[in-house]
Amino acid sequence: MTATDARTPGPDSEIIAHEVVEPPQSLRSRLGSGAALVGVGLVCLVLFGISESARTQAEFVLNPDHPHLSVTLPARWSSIVLGVVVALLGAWQMARGWSRRGIRTVILVSLLCFVVSFLCWAVSGAPGTSFDLLGLLQATIVTAVPLVLGALAGVLCERSGVINVAIEGQMLAGAFAGALVASIASNGYVGIIGAMVAGGLIGLLLAVFAIRYLVNQVVLGVVLNVFALGLTGFAYDALMQPNTESLNSPSTFDPIAVPLLSKIPIIGPLLFDANIIVYLTYILIVVVDVALFRSRWGLRTRAIGEHPLAADTVGIKVLAMRYRNVVMGGAVAGLAGAFLTIGSIGGFSRNISSGKGFIALAAVIFGRWSPRGAIAAALLFGFTDAVATVLSFTQTPVQIPSNILLMLPYLVTVFAVAGLVGRVQAPAADGEPYVKQ
Amino acid sequence: MSSPKDTTAEQAAEPRPDRPEDRVTEPERQRRRGRWAATGGAGTVAVTLLAFVAAMVIGAVLIAVADPDTQAASKYFFSYPWDTFTAAGRAIGAGYRSLFEGAIFNPNTAANGTLSGILGPISETLVNATPLILGGLGVGLAFRAGLFNIGGQGQIILGATFAGYVGFAWHLPVGIHLLVGIVAGIIGGGVWGGLTGWLKARTGAHEVITTIMLNYVALYLLQYLLSVKGFQRPPYGQAISNVVDGNARLPHLLGRDLRLHAGLIIALLAAYGVHWLLTRSTLGFRLRAVGANQFAARTAGMSVERSYVIVMLLSGALFGLAGVSQILGTNSAITGDIDAGIGFDAITVALLGRGKAGGIVWAGLLFGALHAGGVQMQASTGTPIDLVVVIQSLIVLFIAAPALIRALFRLRATGGGVGQQIAKGWNG
Chain A
387 MTATDARTPG
397 PDSEIIAHEV
407 VEPPQSLRSR
417 LGSGAALVGV
427 GLVCLVLFGI
437 SESARTQAEF
447 VLNPDHPHLS
457 VTLPARWSSI
467 VLGVVVALLG
477 AWQMARGWSR
487 RGIRTVILVS
497 LLCFVVSFLC
507 WAVSGAPGTS
517 FDLLGLLQAT
527 IVTAVPLVLG
537 ALAGVLCERS
547 GVINVAIEGQ
557 MLAGAFAGAL
567 VASIASNGYV
577 GIIGAMVAGG
587 LIGLLLAVFA
597 IRYLVNQVVL
607 GVVLNVFALG
617 LTGFAYDALM
627 QPNTESLNSP
637 STFDPIAVPL
647 LSKIPIIGPL
657 LFDANIIVYL
667 TYILIVVVDV
677 ALFRSRWGLR
687 TRAIGEHPLA
697 ADTVGIKVLA
707 MRYRNVVMGG
717 AVAGLAGAFL
727 TIGSIGGFSR
737 NISSGKGFIA
747 LAAVIFGRWS
757 PRGAIAAALL
767 FGFTDAVATV
777 LSFTQTPVQI
787 PSNILLMLPY
797 LVTVFAVAGL
807 VGRVQAPAAD
817 GEPYVKQ
Chain B
0 MSSPKDTTAE
10 QAAEPRPDRP
20 EDRVTEPERQ
30 RRRGRWAATG
40 GAGTVAVTLL
50 AFVAAMVIGA
60 VLIAVADPDT
70 QAASKYFFSY
80 PWDTFTAAGR
90 AIGAGYRSLF
100 EGAIFNPNTA
110 ANGTLSGILG
120 PISETLVNAT
130 PLILGGLGVG
140 LAFRAGLFNI
150 GGQGQIILGA
160 TFAGYVGFAW
170 HLPVGIHLLV
180 GIVAGIIGGG
190 VWGGLTGWLK
200 ARTGAHEVIT
210 TIMLNYVALY
220 LLQYLLSVKG
230 FQRPPYGQAI
240 SNVVDGNARL
250 PHLLGRDLRL
260 HAGLIIALLA
270 AYGVHWLLTR
280 STLGFRLRAV
290 GANQFAARTA
300 GMSVERSYVI
310 VMLLSGALFG
320 LAGVSQILGT
330 NSAITGDIDA
340 GIGFDAITVA
350 LLGRGKAGGI
360 VWAGLLFGAL
370 HAGGVQMQAS
380 TGTPIDLVVV
390 IQSLIVLFIA
400 APALIRALFR
410 LRATGGGVGQ
420 QIAKGWNG
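Those sequence lines, one after another, are chains A and B.
387 is the number of the first residue of the first sequence in this note's numbering; add one for each residue after it.
0 is the number of the first residue of the second sequence in this note's numbering; add one for each residue after it.
Excised from the complex, chain B in its bound form:
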């Protein structure tokens, strides 16, 4: 990652006036870049929006290709080409309209005038966003310390298992039960993540390997538990756990009819906590120093090993909270797919949010909205929800390559791409 930066110093010493950006010296360029960031990075916002547009355009092509009417019309494309285009346009319009209706506002249900009719889509968006924000924070925090946590799946499972077990096996008073459940979830996720950090600190085992392997271990552990009496719900036919007590459930925020629960508040608090940790605390400074250059950090007297353990504990704990949101909020019993793919989606959220707490919240909201809309789209137009996955990956891909977006839309160059300061290579 350092080689282009190393070489720019030489470029500055030998300016080449043939390219406009080469006329500017490197310190000046960095100063301008800093100013862009300070003013909120207008170029960054534009690139983000245009990346979204480009991804939606490609998504539209996919909708058209998958639409049966369009397929039928394309069979006589050379006789009546217009038929194909109208059919495609109709399919794309219907698809994206239902995506919007599922995620933001649905005029049909809102016409009833009920609260759930009006706020239903937003509630779904926020419910989907909650674990994504928490998981994204976990991945982003690990990124900042130079670690790549692919173990979200396992950490969510452990968090949900711990919290869920406390939720249905213990019976405590109102308030205390929920609190104990949340703490149990944090411990579950934290232990699973911390294990990876400890292995890395003690033996140097690469976190990418250990987190992947521990994902599978957690997955099989959960499947085992779901076949054990005391965990599995009677009459023991299905792989589903007992139901969490009402006392341990996260309270609903917008009444019983809407699924939005207090997990969102936890997620926002966690985002603030991570922001504070990274920008205002000594520990956060140490973590960032280790992430920026572990050898320099070691020379400066910081314990790199301890930082690895701590950051993986915290990252796992955040995923544990995502598990809490899943089991004490969104669902009420543990099933084999309690992680719902959040462990991997969280990585893209963290990348889109550029590893920063505020960015991750927005990225989580966007992906939550896309997911909520995707469910509606699949239900009403039959377009597979995988379309949303494609769009998500394309957004991150385009944002990561600002040069491509600028070339597509003929913008002027500013700022760097996503992931330039996060996610190091294997050697740290």
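Isolated chain A (complex conformation):
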């Protein structure tokens, strides 16, 4: 990707009618990216395949209850083959150059090859070590759920033209209120409502200051994050901490197994044996994605995010809609916060969201402001995070320090953003206040 494609139209390829004329890649960028791919291939080939430390067998257990579902790969040969594939893809890029659409697929395939060969190498460390693939995927879901919800919140706000940097603050408020309300009411479902109200309130602050007082929205988001961090920290120290028994000991949700669906091997225990917030997430994913592109509300939302003046001209109430969508977004982010407390570990602790809202924000931009893209980004992050966590407990051929492994999801995101996504185009009126004339 070079600077020349600055005008590549937006995140939403569905509404682009005309063909995009691709400028040819410069020789330098072609050689550079090709050489990088060849390098990755050589790493797989030499480090994971040919080197001393690589062993022969890698066992992946899909489901501990069904041992026959496990997959055993010849570790060394898998790494060598995958490495050669990546190196050849890179060599082609250097010699002839892939098309711009092709290069995305190539990078994606290379990334996949790298991950598989890395896992083969890592698992083959000690004889008898097996890799719990199901556990890995479950950990992926657990990490991804709050990110997906946070990203949906971001999409809801930003598609209607209000930048939401305050996802983190909304999450934190939701996490706090969820734990507090669920403890007081001794009822998790009331806690969920409390969390969504709290997230929605931060959303309302965002909406009022952005829409009524025309405050710069990036500034506003940052400030609201600080505000939520300070307020929840203050209330935690002053109120919650002294009364932990009555104010901060909510019960968590039990997983609900969906009849029939939860019996499907692998997918069943992975997706359909989860708690209520995870199911709400599934519903929200479908609802937001369908509603945004297939409903009148969605068309109007996208209209006020792209060209509020035109939307106003045809009679859409721009400001009212922005208020509604931003508050809804806040409530969704509040639900993400609820997952962090009553959805998983129970009690609230200071700064429990620890930057997840920012990662969700990154997922929104990474996913080019589309729900599907954002979800894919959140899943990618969740997956690499799970790999890092699982591997830090696995005996790899060469012991990798756990802190280096924990960098993995963040590094992968940087590489993916730089290599796959590149320059992004936000909704045209995102962050611009609309003043009715």
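Accuracy of the hints is not assured; some may be wrong.
As the list claims (entries may be wrong) - Between beta-carbon pairs, the in silico distance windows are:
hint, chain 1, residue 1, chain 2, residue 2, range
1, B, 336, A, 681, 43 to 51 Å
2, A, 413, B, 226, 43 to 51 Å
3, A, 643, B, 229, 50 to 58 Å
Unchecked claim - Capping the alpha-carbon separation at 25 Å, the derived lysine to any residue pairs in SDA-like fashion look like this:
hint, chain 1, residue 1, chain 2, residue 2
4, B, 228, A, 788
5, A, 703, B, 57
6, B, 74, B, 57
7, B, 228, A, 781
8, B, 74, A, 570
9, A, 822, A, 705
10, A, 703, A, 673
Hints in this document: simulated from the structure, not taken from any laboratory.
We put the beta carbon where it would ideally sit given N, CA and C, even for glycine.
Please build the complex by placing chain B on the supplied structure of chain A, with the hints as guidance.
Okay, now just chain B, sitting in the frame of chain A:
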């Protein structure tokens, strides 16, 4: 950001006499606005002060709510309402008094007549303000070029790590050691920030994503280093580095007893440097042009990409200096929380300072004072220091919405809000 400005031209052509400000034509209004700015923006100062007052009032409510005596008295509020108010008043008075004593002047310790007793609170304020000013300059500089640097945390960590490593692993003569340490810190922060700029220039990767991710990478890198021999302090039980040599420490400014160190001088020099860069140099003009309109800047023959790399290098270097102040000045060994949240606090400092060097110095001093006072307040009255965080965010929030403050205090309208000319949206 441009749509209200676009529409004002039409308003000027069709004046509506029903609202007083509409009677004035747009050029006239802009001229008046310029005059306000030229006279130091009296309206701006008033709004800033009133925002501070409003934030302190809300803070007072929080102190009262958190106070155990007030809570106890409120249980029989309807029988003896006055008890609740006196308890609340006492708590608020004690809280803000200790805030003042921690930040400006403490009569109790000053009674000893020692230098540290009299100047202790001011020294603490300045120590806290130093990295905030440096970080605020970093964020503000990036803002002016249209970039949003949330990566202060990572850049401080890298700066502190580089400077700290030079400080404890190398042994150089007096003066040279400190100089090399400072340069190392600048390089560390600059490289981490420049990486973001380079990624944006080369691939278009959005700086908000890359800086957030690089924060975590830096955090884990530091945690890794703190478990490596040669970096970790023997006997390897704690996650803390070796101690920086005396030669590499920034000298104390007010004697050994007070923590104030020469980092403050670096911060003030940096503020002057940033001011000069932005207002007097060709490079600064180019950066501001890119920040104002990257397409116009490109058309005028400026390299937008190079500007991104340069401004992120400089912004990272300023954060690197904040790291230097942390490790060679305030602390003497690297720990996992060496960044002390400055990366994010610096954003609010830059916003409060409206992205200008002078404003950032004042904003840094104010937040430094609030933080120093907050520590004292927590120690003597038990009010959580998070109160200070709430007050800080409220100040910036109110200043950003001058219309709200004016409505609250019934002021006449002048000038625009904070962040109107800085911090663009995603599309630059």
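Outcome of the hint check:
The hint said 43 to 51 Å for the Cβ distance between residue 336/B and residue 681/A, and at roughly 47 Å that hint holds. For residue 413/A paired with residue 226/B, a C-beta distance near 44 Å keeps the hint of 43 to 51 Å intact. Between residue 643/A and residue 229/B the beta carbons are some 52 Å apart, a value that agrees with the proposed interval 50 to 58 Å. Of the pairs offered as hints, the one joining residue 228/B and residue 788/A holds, with about 16 Å between alpha carbons and a cut-off of 25 Å not exceeded.
Between the alpha carbons of residue 703/A and residue 57/B the distance comes to roughly 34 Å, so the proposed pair goes past 25 Å and is violated. For the given pair, residue 74/B sits about 22 Å from residue 57/B by alpha-carbon distance, which is consistent with the 25 Å threshold. For the hint linking residue 228/B to residue 781/A, the alpha-carbon distance of about 22 Å falls within 25 Å, and the restraint holds. Only pairs whose Cα atoms come within 25 Å are accepted, and residue 74/B paired with residue 570/A is accepted, the gap being roughly 18 Å.
As the CA atoms of residue 822/A and residue 705/A are separated by approximately 9 Å, the hinted pair is consistent with the 25 Å bound. Note on residue 703/A and residue 673/A: the hinted pairing holds, with a Cα-Cα distance of about 22 Å set against a maximum of 25 Å.
In summary, the structure is inconsistent with hint 5 from the numbered list given earlier, while agreeing with all the others.
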